[in-house]
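> Residue numbers (this note's numbering), protein chains in the order written: chain W, 424 to 1524; chain U, 10 to 134.
Since the hints were derived computationally from the structure, they do not count as laboratory data.
Because the structure is a prediction, the values reported are computed rather than measured.
All the given hints hold, so there is nothing to weed out.
Pair by pair, the computed Cβ-Cβ distance ranges are:
(1) 1501(W) / 75(U): 46 to 54 Å
(2) 1180(W) / 95(U): 45 to 53 Å
(3) 80(U) / 1272(W): 56 to 64 Å
(4) 104(U) / 1334(W): 37 to 45 Å
Distance condition first, Cα-Cα at most 25 Å in a straight line; then the derived SDA-like pairs of lysine to any residue:
(5) 1044(W) / 1152(W)
(6) 834(W) / 891(W)
(7) 689(W) / 642(W)
(8) 834(W) / 783(W)
(9) 12(U) / 1326(W)
(10) 11(U) / 1326(W)
(11) 74(U) / 1308(W)
(12) 1343(W) / 39(U)
(13) 1395(W) / 39(U)
(14) 1397(W) / 39(U)
(15) 1512(W) / 68(U)
(16) 1339(W) / 39(U)
(17) 1303(W) / 112(U)
(18) 1334(W) / 122(U)
(19) 118(U) / 1332(W)
(20) 1512(W) / 67(U)
(21) 1303(W) / 114(U)
(22) 1395(W) / 67(U)
(23) 952(W) / 992(W)
(24) 74(U) / 1435(W)
(25) 1005(W) / 1041(W)
(26) 1303(W) / 68(U)
(27) 1439(W) / 44(U)
(28) 540(W) / 574(W)
(29) 1397(W) / 66(U)
(30) 1512(W) / 66(U)
(31) 1303(W) / 98(U)
(32) 882(W) / 901(W)
(33) 1297(W) / 97(U)
(34) 118(U) / 1325(W)
(35) 1395(W) / 66(U)
(36) 792(W) / 740(W)
Some chain U residues near chain W, calculated using beta-carbon distances under 10 Å:
(37) 25
(38) 63
(39) 92
(40) 116
Just so it is clear, CB atoms sit at the ideal spot from N, CA and C, and this is done for glycine as well.
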Amino acid sequence: MDYCGLPGINSLSIYTAKYIMLRSVFHKVFLSFLFFAITLFVPFSLTIQHTLEKGIEKEEKAEDVLSKSEAHKKIIGDTTENIGIFAFYGFFLSFILSLFFARGILRPLKNLSTGVKRIKDGDLDIELPILTVDEFGEITNTFNDMTATLKSYTEDLKKKDLYISYMLDPLWVVDEDNIVTDINPAFTRLLGYERAEAVGRPIYDFFDVENQAIMRHQIEEKREKGISDIYEITIRAKDGSGIPILMSGSPILEGERVIGKIGVLKDFREQKKLRDELREANEYLETIMDSIEDTLIVIDRDFRVVAANQAIYHQAGGKDKAVGQRCYNLTHGLPRPCWPDEEECPVKMVFEAGRTFRTIHEHLTPSGKRFYEILACPIKDERGEVYQVIELMRDVTDRKMLEDDIIQRNKELSAINSIATVLNRSLNQDEIIGEVLNRLIDLFKMDGGGVFLFDESRKELFCVHHKGISDDFVKQIGRVKYGADIPGRVAATGQPITTLDLSKDPRVERGVLKHSGIKGYCCTPVKGKERIIGVFCLFSYKTHIFTPEEERILNSIGDMTGVSLENIKLYDRMRGLYEFLKTRRELEQGLLMRLSDRLVSALNMQEMMDSSVSLAKDSIKADFAWLLMLDAAGNLILGSVRDDTIMGGIHTIIYPKETSSFEAYAIEHGSPIGMAIDEETRFYICPAVKEKGFKSVLAIPLIVGQRALGVLSIYFYSRRDFEEEELHFIQLITGVLALTLERSDLYERMLIEKGMAEIILQSITDGVYTLDKDGCVTSINMAASNILGVSPQQAIGRPCREVISHSDEEFMILCGGECPIGSTLLNEVPSRAELILRRGDKEIPLLVSCSPLLDPKGEPIGAVHVFRDITKEKEIDRMKTDFVRAVSHEFRTPLSAIVGMTEMLLGEEVKGERSKEYLKTIYQEGQRLSHMVSDLLDIAKIERGKIALKEVDIDPVKLIEASVQPFISMAKEKNIELSYNVEDGTPELKGDADFLKQVIINLISNAMIYSDSGAKVWINIKPVDNTVEISVKDTGWGIPEDELPHIFKRFYRGRVKERIKGTGLGLSLCHEIVKLHGGDIRVVSTVGKGSEFTVIIPEER
Amino acid sequence: MKKIMVIDDEPFILMMLEDKLTAAGYQVITRRDGTDAIEVVKKEQPDLIILDWMMPRISGIDVCKRLKEDIDTAYIPVFMLTAKGQAADERIGLQCGIARYITKPFSPKGLIAEIEEFFGRQVNR
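Make the full structure from the sequences, and use the hints.
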């Protein structure tokens, strides 16, 4: 705001300045005028006067008119000249003067006007220099004072303005017509109205209807009457939202008149929110408190309840009733504080100690006494002093009752437990009974009691232990009949009886008891597993009501004691049995030791048998014993006998297989059998034994595995039963004997078998050697050393890979996981493999099979390695494969004709003559196929020797002609010269015409096939000695020398396979046929020159 | 018109194929062995050669090798028509660069289909 521009201040200062300035100017002008008059007018007047004087003088001097006129003129001229000079001089002087004055007046003027301008621009921070000590100086001084005053005034205003602008609370100024005249920036910030928007609007515009009323009330009732007030109101912001504010409104007074109002608006949103939240929090807290099931009260230092939750209802019948009461009154119904009666008042303790306490208290409530668990916590003020206590009370009455119940039960249980401990600790019946009785009396706080045991034979109960009564009294009541009186009834029914006053109980039959003074009484059965062992009686001289729990405890103790007593009996019996068995076992062990000693030291089987039989007889205290051995045929033969006197020196007894003897029956049965002997026995007994009159017999078969070796029979003069123990022992002896016999038998057999195995091993053609775990040879047979080319001495102890020597490459392959030996040793499974043995430069294919060698426990101890030279098999295999391939090739070509041509014929693609040609070809190729098949069949037949020659006399010429015939056209085609010759004197041949023709055809065919165009083939037949030689010679390719030995082998085909068609059967068939005729076939051949095959057929066979 | 050369030592195969191929609209040249095959092929420039494997003097495989070695004939596709039916044989054939391996006995109709499919594929390619 530009306060310098205020009209009052401005006009005043300017006016004052001008005034001062004008005075000074007049003063100066006056002074200058004076100065000018003095300095200019005087000399001027003098000069003019002088000049005029001179002129007049001259004029006077001049006499003539001319001269006078001239002088006159001269005077005028001089005067004019002087006036001009004077004017010039005056002008010059006044210029200088004006310059001088101008400086004197203008400087302070300029100074002042600058100052005024700066004030106008708002710069009040100026002090003008005082240039002159005159009116201007005064004016300047006054100006400076004015400026200073203005400055301080302005600064004051500025500060206020600043305060208002920086006031955080919005503010507005309202004029008397309730129109807003000013607002501060905070107002804009809060409500969004710019100054321009707010100023000029009536204040009611800023409120809604409801708040307008409040505002109107304030304005009309208070502000207009000059009263300030602070009140809440909601003002409408520019965006339309209502903002709650705390308005502090004051009237602006001028004298008594209200000329406006000023309002400070305090943003009340935060406070309002906080207030709402606080209210909500209080409500929330109260809700929470009320929702707590436990009672919660706050108590102050006067023990007055200041707050409580809803749960207090149970104790006080309502919150309102509780608040204000004293806590002791509320919880304990006391008119005064509860201590010192109640030492543990938690409230007091919290006040004293200042910390939280927890306790359980009995409180009085409208529904009676209840237990509360109390948690009392201090509430401290700022100084840390406890001024209130929160008491949280939980009703734990039920829990406490349960706990009490549990404690009671625990007591009972521990009583039962202590009794159980006694029962388990001791195996002494008297001790147990006494101890249990004592503890029961203690447990039930009785005066005495007694224990009766049941005597089954007498059917009565007798007292074995008593307490709290005299022995005399016991004598009177110590025996009770089963079923009589209370103990008798209890024993008979198994149900306990309790009575609170014995003297009045009708079940008491004996007067002495009735008048003994006993009142409380109980009787509990002591039950064993199935029967009543006795009863417990407890009594008291006071009446005693037995609770169901007590009865239950009594019952369970009765049961426990019963079981315990039974256990004692059982234990006693077991002990007796144990002692008995121990003695017996010691005896048997001694006998067995003797037996084994004898068996070990026995030199032969007979001695072993004798020892065993004698021991068996002695151990069972028998009168006679013998051992019959089962031979291979199934007969029983006497092996050993004890008590020779009976046999009368007879040492040979045989029960033939069919004999229906007792011994045979036992073997058949497979287990020991005892029997009484009498006249009617259905078994045969040898007369020598029978006449001795034995009354009973025991027969035990000797069995190893599934095999019976014989039978041991033991005879007695007396009739007797056999105890299990005895039987077991005898069985043990026979078992040992059987095993010993079997082993000695096996050993002998093993010796024989080992020899045989060795012979077999050495005589078989397969190579066999055994290896230890490390793969070193441990034994080797002849065949193996022959195949491998090493002597047994060289082989044994060396690793197998050195024995089967193969190249490094093979070694790698075989030992790198594929080695059958390795895998057998590693995996303990049999394996098979084919491998190539290299012996020098020979390669021998071997079939190797490996099996692990296991010891009797199944642990691997090495491997056995069996191998076979399979060179021949390989060769045969190769030939067979070749044959199959050749045959399949040969079949395919004719089949092409048949399949392809038939297809075309059927499709009627070929017509007329052409179709005939096709059919012809199909026919020829079919024939070719059929020949091949018959060749194969012939070979097969001849191989199996199932061919019968149709021997006839054959004309050699006809034979040759017939053979050559099929090749004539082919020879022409291939340009081969085919000729034949039958030498003179060639006799008729004896043989099968078809076969021989086939031989020759095959030979010619070969000659033609293996020859190039232009070759010669000729057939010659001639007699040599008693044979006929037929030779087929050609100038073809010839046969390599190394192939010659093989060409007659079946399936063999020349190495130049690719160039040769054929089954590989032709020459083989020829050879077979010729051999069948008792003849021979030979070949001479040179590669590149040709071959000559010669068939030799004997004239007569 | 495509030109097909057939080399087989069996006359009936030649006869059959000549008839069939001619009927199917091909020009056919036949040879009974492969000795002068190279020269004939060079001269005739057939579009396809059907070759037997097992032939006297020179085997089909050798013929094929020679054809493939010569720059003038290497591009001509060769079908091998043979009685050798083993997988190993087929592998050898394919290694020599033949286009199709057809085993005997064969169906002439099937062969034509094969040829046409092959040519079709070639054209498309």
